[in-house]
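Q: Chain by chain, the residues:
Protein chains: 2
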Amino acid sequence: MGSTYTFEEVLGIVNKEILKTEYNIEPRSLFEPITYILSLGGKRLRPALALMSYNLYKEDVLRVIPIALAIEVFHNFTLLHDDLMDRADMRRGKPTVHIKWGDNTAVLSGDAMLIEAYKEIVKVDPVYLKPVLDLFSVTATEICCGQQYDMEFEQRMDVTIPEYLEMIRLKTAVLLGCALKEGAIVAGASDADADNLYDFGINVGLGFQLKDDLLDVYGDSTNFGKRIGGDILCNKKTFLLINALEDNASKSELMEWISKAEYNEEDKIKAVTAIYDKLKLKEKSEELIRKYYQKAINCLDKVDVDKGKKNELYSLAEHLMSRIS
Amino acid sequence: MGSTYTFEEVLGIVNKEILKTEYNIEPRSLFEPITYILSLGGKRLRPALALMSYNLYKEDVLRVIPIALAIEVFHNFTLLHDDLMDRADMRRGKPTVHIKWGDNTAVLSGDAMLIEAYKEIVKVDPVYLKPVLDLFSVTATEICCGQQYDMEFEQRMDVTIPEYLEMIRLKTAVLLGCALKEGAIVAGASDADADNLYDFGINVGLGFQLKDDLLDVYGDSTNFGKRIGGDILCNKKTFLLINALEDNASKSELMEWISKAEYNEEDKIKAVTAIYDKLKLKEKSEELIRKYYQKAINCLDKVDVDKGKKNELYSLAEHLMSRIS
Chain A
28 MGSTYTFEEV LGIVNKEILK TEYNIEPRSL FEPITYILSL GGKRLRPALA
78 LMSYNLYKED VLRVIPIALA IEVFHNFTLL HDDLMDRADM RRGKPTVHIK
128 WGDNTAVLSG DAMLIEAYKE IVKVDPVYLK PVLDLFSVTA TEICCGQQYD
178 MEFEQRMDVT IPEYLEMIRL KTAVLLGCAL KEGAIVAGAS DADADNLYDF
228 GINVGLGFQL KDDLLDVYGD STNFGKRIGG DILCNKKTFL LINALEDNAS
278 KSELMEWISK AEYNEEDKIK AVTAIYDKLK LKEKSEELIR KYYQKAINCL
328 DKVDVDKGKK NELYSLAEHL MSRIS
Chain B
28 MGSTYTFEEV LGIVNKEILK TEYNIEPRSL FEPITYILSL GGKRLRPALA
78 LMSYNLYKED VLRVIPIALA IEVFHNFTLL HDDLMDRADM RRGKPTVHIK
128 WGDNTAVLSG DAMLIEAYKE IVKVDPVYLK PVLDLFSVTA TEICCGQQYD
178 MEFEQRMDVT IPEYLEMIRL KTAVLLGCAL KEGAIVAGAS DADADNLYDF
228 GINVGLGFQL KDDLLDVYGD STNFGKRIGG DILCNKKTFL LINALEDNAS
278 KSELMEWISK AEYNEEDKIK AVTAIYDKLK LKEKSEELIR KYYQKAINCL
328 DKVDVDKGKK NELYSLAEHL MSRIS
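Just so you know, the sequences run in chain order A and B.
Numbering follows the numbering used here, with no gaps: position 47 of the first sequence is 74.
Numbering follows the numbering used here, with no gaps: position 155 of the second sequence is 182.
Check the hints yourself; a few may be wrong.
The list treats identical chains as one, so a pair stands whether inside a single copy or across any two.
Cross-link-like lysine to any residue pairs, in silico, SDA-like; alpha carbons within 20 Å at most [as the list claims (entries may be wrong)]: (1) K127 x E179; (2) K121 x T62; (3) K263 x R114; (4) K295 x D152; (5) K307 x E169; (6) K263 x D243; (7) K150 x D161; (8) K127 x M178.
Because the hints were derived from the structure by calculation, they are not lab data.
Given the sequences, and given the hints that come with them, work out the whole structure.
A: Shown next as structure tokens:
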């Protein structure tokens, strides 16, 4: 029986490989932003999932590195362009690319970064190149669709819960599913296993994003690393806000805060949080997160691999749902 | 001996295939701009070159369609993002995507379009998938570099002729070379032929862009389809302007026009054109175009295929250099 890497060991491998990627190409002005955004860190969850999924079957996890890097580079490309579109000034405590280098460089470095993602993924074992590329591209399109819905939701006050869940599935969950499924594909796993790992990723991803929404309101800013109440201030259509807007008694008070151009920020955060409290939306979110967690576990149960090998994925899922940051 | 398609026949096939591409995906708001920009027309030169190159060796040109479409979709993606970065309002007589749908949709639809280009190219015969993808990605990066140089040149008054020629090689010529080489690759041509066809494309591309710069000043607006003098008004660092700036006697008069915030447009076009005339830059351009045309012909001569089969490429190169639109 082969050895299974812990999540921390996998992260170590992934981080070492990310450090090795070099974009010392001319013109430097185009490639510096790529190195910059990749150096800002992040959970490295997606590349780790690709390795962990492969590691359910095989030990030479370096074979998944092209996929892991492609997915992480792609993920950071979406952050780069999303920050530009959302006019976000800061990312992980540092100025965003368009703030540091201007809008045009942000557009073009992002484009170059998307191409770099494809350059990484084609390094995969040729036997699996076609299915790996196909899933990657389908997923990439879905993520663009998710971002488009997210932006469209900003202009709408009638977003429904199913619409919101579909948006976060596209914007966040599918890339986790993709990472897991591609790890399984290059390990030569059965279609059933690959699909169950994909579904595990989707459900973890949905719970992960709901947890993120929750931490934005109920988290501790020191742990969370972002300002608490950011989503409230920019009227982001989160699970919490959409639920609150569906409550007729709260809607007019919320709409008043949303339409106000000038207000005291702390007052708005307090008032909106009070509405969420009154409607017990923290509890409602946590219940839904538990539901997705349970679904994820059920999918992982069905993966036809020794339970011992799956332990790291079970505990990672649990950690992601109960995390405070 | 097999039949060789004429350029017009190849264009007919290409246009039919472009019409077949459908992006009726939700959200429509993300994919409508893709259909829109592809419907604006254009020369369809790059996909035609891929088919013509393949047709030197084989007749079933439909096998190159994935490459032809990928290259044309990619080319239009670069136009979409370039128009956004250059704040261009019009493209082929119609409003640009960012004018019609806004900056954010232009960013995101462009991203989706780049992914669609990769989705097309992976439909190629699996035997050639890796080399075709590798050249496509290398070329895509080069084109991003070309656009970055082009934007950087806007802020510089000391751009040299070699720098300019390298910029247009990257921004324009490499995609012509890529189209021709990939057509040869999937036809199973020798490496030497594939490389000679690539170099043919590079030289045609360099001459093509120099001709474009020339038509912008000396063309007829009815034929050219764009306003004459557009490059002069926006101080674009073309072969003509860079040469004129290198002439010490003309530099101060040019710099005065370039630095003027308010002026009569026709006066500026007339004055700058007079400098170009005085320096015989039309003749100097035409001489360089002829030089690249001759280099292109020399490359095509070396392609180890019956001369009769190459006739369409010879006459296309000649047409591109002598065109008035």
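Q: Next step is simple, just say for each hint if it's right about the structure.
A: Outcome of the hint check:
In this assembly of identical chains, K127 and E179 lie within 20 Å of each other by CA distance solely across copies; the values are 16 Å between and 27 Å within a copy. In the homo-oligomer, the alpha carbons of K121 and T62 lie at most 20 Å apart inside one protomer (14 Å), although the nearest pairing across protomers, at 37 Å, exceeds that limit. Taking identical chains as interchangeable, the C-alpha atoms of K263 and R114 lie at most 20 Å apart only when both belong to the same chain, with a minimum of 14 Å there against 29 Å between chains. When the C-alpha separation of K295 and D152 is checked against a cutoff of 20 Å, the pair qualifies neither within a copy, at 53 Å, nor between copies, at 59 Å.
Proximity of K307 and E169 under a CA criterion of 20 Å is satisfied in neither setting, with 32 Å inside one chain copy and 54 Å between copies. With identical chains, the CA atoms of K263 and D243 are at most 20 Å apart within one copy only, with a shortest distance of 11 Å there and 47 Å across copies. Taking identical chains as interchangeable, the C-alpha atoms of K150 and D161 lie at most 20 Å apart whether they share a chain (14 Å) or sit on different chains (10 Å). Taking the closest pair of Cα atoms, K127 and M178 come within 20 Å of each other only across two copies (17 Å); inside a single copy the shortest separation is 23 Å, beyond that limit.
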